[in-house]
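Student: Chain by chain, the residues run as shown.
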Amino acid sequence: MSWFLAHPLTWLVATLLAYRLGVHLRDRTGHPVAQPVLVGVVLLAAALVLLDVDYATYAEGTTIVTFLLGPATVALAVPLHRQLGRLRGYALPLVAGLLVGVVVSVGSAMLLVQLLGGDELLARTVAPKATTAPVAIALSRTIEGVAPLTAAIGITAGILGAVAAPTVLTWLRVREHRARGLATGAVSHGIGTSRMLHEHPVEGAFSGLAMGLTALATSLLLPLLVPLFLR
Amino acid sequence: MRVVSGLTWLLGCQLVGEVVVHALDAPVPGPVVGMVVLLLVLLVRRPPEGSSVHQAADALLPHLQLLFVPAGVGVVVYGAVLRQDGPAIVVALVVSWLLGLAAVGWTAQLLTRERAR
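Chains as they are written, first to last, in our numbering: chain A, 1 to 231; chain B, 1 to 117.
Among the hints, a few may not be true.
So the derived label-pair ranges between C-beta atoms look like this [said to hold, decoys possible]: (1) A:Ala56 with B:Val94: 28 to 38 Å; (2) A:Val33 with B:Gln84: 22 to 32 Å; (3) B:Glu18 with A:Leu116: 29 to 39 Å; (4) A:Asp27 with B:Leu110: 34 to 44 Å; (5) A:Ser2 with B:Leu40: 47 to 57 Å; (6) A:Val49 with B:Leu110: 46 to 56 Å.
On the chain B side, residues computed to face chain A include the following (Cβ under 10 Å) [said to hold, decoys possible]: (7) Ser5; (8) His22; (9) Met35; (10) Leu39; (11) Pro48; (12) Glu49; (13) His63; (14) Gly72; (15) Val90; (16) Ser96; (17) Trp106.
For the record, the hints were derived by calculation from the structure and aren't laboratory data. Note that the Cβ used here is the ideal one computed from N, Cα and C, for glycine as well.
The shape of chain A in the complex, shown without the other chains (with noise of 0.2 Å):
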């Protein structure tokens, strides 16, 4: 049985089957809170916690699907391109939005937790918490926060995005298409996005390029945003 633990491709599987289970109940349900994520992380953290696995074992035997995180990042161009043709006319709101959420989102999260008591690794942790994973991760290492918690509390910012997103956009009165996809891409990257596919093209759309254009932003300016945050 611990070889059986211990053995790499039985955590590949048991990620590939609880990740198939999330699909299938987000497809039957329809309900917000199934996501494919979040069945995964919970199904997966419950067996590693109740079969005393360490995360190391796990981690080894999902290499393969973390190193899938480099080219989906590349991937991100291709939906980018796609849209290209909808920006004409849009430069104005399109920057200054996603600039504007860039520094809020960045300088909110790190002032806040160190309001809170958290200390310097923290703030550092949290700062690139709004840019889809693979990005969070990479940018996380950069400044030297703590890369599996920034994707922990990202993932929390998506999953919260495609739970509640269009609704608190409809009580803050963002009504125009293309603002509520811009909004949620910039806040809840890919996750926010595939809920928003769901609800408008257009909010679907412009929530990816929002997912890209932030993650190319932040990815650019948090090396001078994070001295600015930290008290």
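For chain A, the structure is supplied; the task is to place chain B on it using the hints.
Tutor: Just chain B, lined up with the frame of chain A:
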């Protein structure tokens, strides 16, 4: 072969990105530079919709959530940190998420209205 061809484009662009980051000592992750490299390739080469690189991206991106799972499970390892700083992280996360959403939504919508007038 199309799968291999598409993956080669993605990994090739990532490699170019890694080389650029290494050469310039840039504070940007290699895959992000790779994204810009692929965007330039798409603009210059104009591959038709359904090309191998489109297929690879369309195969990979719908399952982006799967790729987040191992990192998410990493929360288990940092459970101790979370327990100590948990409330600070949760409050900062939710409030910052809300502020960011409002900032982007309001800014973009306001500027669209201004220009429409």
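Student: Look at each hint and say if it fits the structure.
Tutor: Hint-by-hint comparison with the structure:
| no. | hint | in the structure |
| --- | --- | --- |
| 1 | A:Ala56 with B:Val94: 28 to 38 Å | holds, 31 Å |
| 2 | A:Val33 with B:Gln84: 22 to 32 Å | holds, 27 Å |
| 3 | B:Glu18 with A:Leu116: 29 to 39 Å | holds, 37 Å |
| 4 | A:Asp27 with B:Leu110: 34 to 44 Å | holds, 37 Å |
| 5 | A:Ser2 with B:Leu40: 47 to 57 Å | holds, 51 Å |
| 6 | A:Val49 with B:Leu110: 46 to 56 Å | holds, 47 Å |
| 7 | Ser5 | violated, 13 Å |
| 8 | His22 | violated, 13 Å |
| 9 | Met35 | holds, 5 Å |
| 10 | Leu39 | holds, 4 Å |
| 11 | Pro48 | violated, 12 Å |
| 12 | Glu49 | holds, 8 Å |
| 13 | His63 | holds, 8 Å |
| 14 | Gly72 | holds, 4 Å |
| 15 | Val90 | holds, 8 Å |
| 16 | Ser96 | holds, 4 Å |
| 17 | Trp106 | holds, 7 Å |
The structure shown violates the earlier hints numbered 7, 8 and 11.
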